[in-house]
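So the protein sequences, as listed, match chains A and B. Each residue of the first sequence is one higher than the last, beginning at 23 in the working numbering. Each residue of the second sequence is one higher than the last, beginning at 23 in the working numbering.
Each hint can be trusted.
A pair counts as met if it fits within one copy or between any two copies, since identical chains are not told apart.
List of simulated lysine-lysine pairs, DSSO-like, C-alpha gap at most 30 Å:
hint: 1; residue 1: K248; residue 2: K142
hint: 2; residue 1: K248; residue 2: K197
hint: 3; residue 1: K90; residue 2: K139
hint: 4; residue 1: K90; residue 2: K142
It is worth saying that the hints were derived from the structure and are not from the lab. Note that the structure is a prediction, hence the values are computed from the model and not measured.
Number of protein chains: 2
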Amino acid sequence: MQIALWLVSLLTNVLLLTAFFIFVAKRGGLAYLSKKLQQVSHPDPNEDFSHVPFYVHRLSQFELLAIKPSDIVLLGDSLTNEGEWAEFLSASVKNRAISGDTTAGLLQRLEPIVQAKPHKVFLMIGINDIIRGVRIEQIVQNYTTILTRFRTDSPSTRVYVQSLLPVGDRRYCQKMRSTILEVNQVLPTLAQQFDYQYIDLYPQFTNPQGGLDPQYSQDELHLNGKAYDRWRQLIQEFVVS
Amino acid sequence: MQIALWLVSLLTNVLLLTAFFIFVAKRGGLAYLSKKLQQVSHPDPNEDFSHVPFYVHRLSQFELLAIKPSDIVLLGDSLTNEGEWAEFLSASVKNRAISGDTTAGLLQRLEPIVQAKPHKVFLMIGINDIIRGVRIEQIVQNYTTILTRFRTDSPSTRVYVQSLLPVGDRRYCQKMRSTILEVNQVLPTLAQQFDYQYIDLYPQFTNPQGGLDPQYSQDELHLNGKAYDRWRQLIQEFVVS
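Okay, chain A solo, but in the shape it has when bound (with noise of 0.2 Å):
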């Protein structure tokens, strides 16, 4: 009896071992694990997305777009990058957002977009940063550099520096909601410093709770087309004027 009850719980620990190993051999194996690892143990402010496909292929993408000087340039994250902006603004807005993209991601992937001298550009960046545990200060000290580049570069280029949006209720905890929060505080005063326009997105997304209305997402994070349609409407002016 005692050895048949010893041979199941073996026989569990092959099983779930071995299913453990398939998943992380399906993902990378080694490479994978220790990368998870790090993520939740040290969250690099410098990480790359060399490993990341649908990073690398949409910037290789972006090597071959040109942008010209009367062009208006969304940069950001998934929020960004998911909207069909083209059509719900103008053709010369070019969207050069990349889904899971953080502050030290789009540093990294800047020089082009500043040498190009675009009209104007819309910012909205950091969601994946918070996530990731990213300190404030680091977000800060990213956004200071990237405005810094644009002023510095392409003085002409009109930066507009958007709010973060707010995550949902549930999935999201308290935490998460303060630090967007923390970040919005700092930005219109780090704006004005460089002399750009800040545009305060969040209270026009938020429930009477304060996270992500639903009326606007299925998963608390993300857009849907209601979504757009009401940030198209409190961006437009400032695309035209």
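With chain A fixed as given, assemble chain B onto it according to the hints.
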């Protein structure tokens, strides 16, 4: 000694099972599990995407963005979705592809596109059907229904049926490649039946081993900028003609 081993074995089981439950719970619990099991055992040819936030969000954008009779509409999955086509081709090109979409999914969202009576439609869909294990007969039947809808309700729309693209050598088995080739063998005849143009892209993206050329992808499935530029070259004459 035996009891110590017993305890280690039991503890390992408890830890692994806990990890498994946390993993499942984070993804939606039992509903997620039953959906996954169902997908593996019986791929549903009529699966709906109402629980996939990205799909729902993107579809709700399309509902707000009008298609004009002079527009060129791209229909498909991630391969089309991830391309900045309006920039690669022209502002009249409207991206109506959704990452993850299948022939059945496209069928369910086809009506407003047919009703908009666009000038041209470029179609590439089916790789997700194959990944999910949908039978070839079902894929071909869905293609037939899609083409019939255009022929019947928007006879002036010129539909371009594009071949499926190759996938890589390693991750996807030989079986998947042979299924892709089987679908690609049916498509030209099908397009001809409806008097639509067939565009064979497949051999333009293969390496000598017959898989997706690594110069075009970092994950053996999705495409980089170089691939989109090649694809653009191959369809441009049909877009502008």
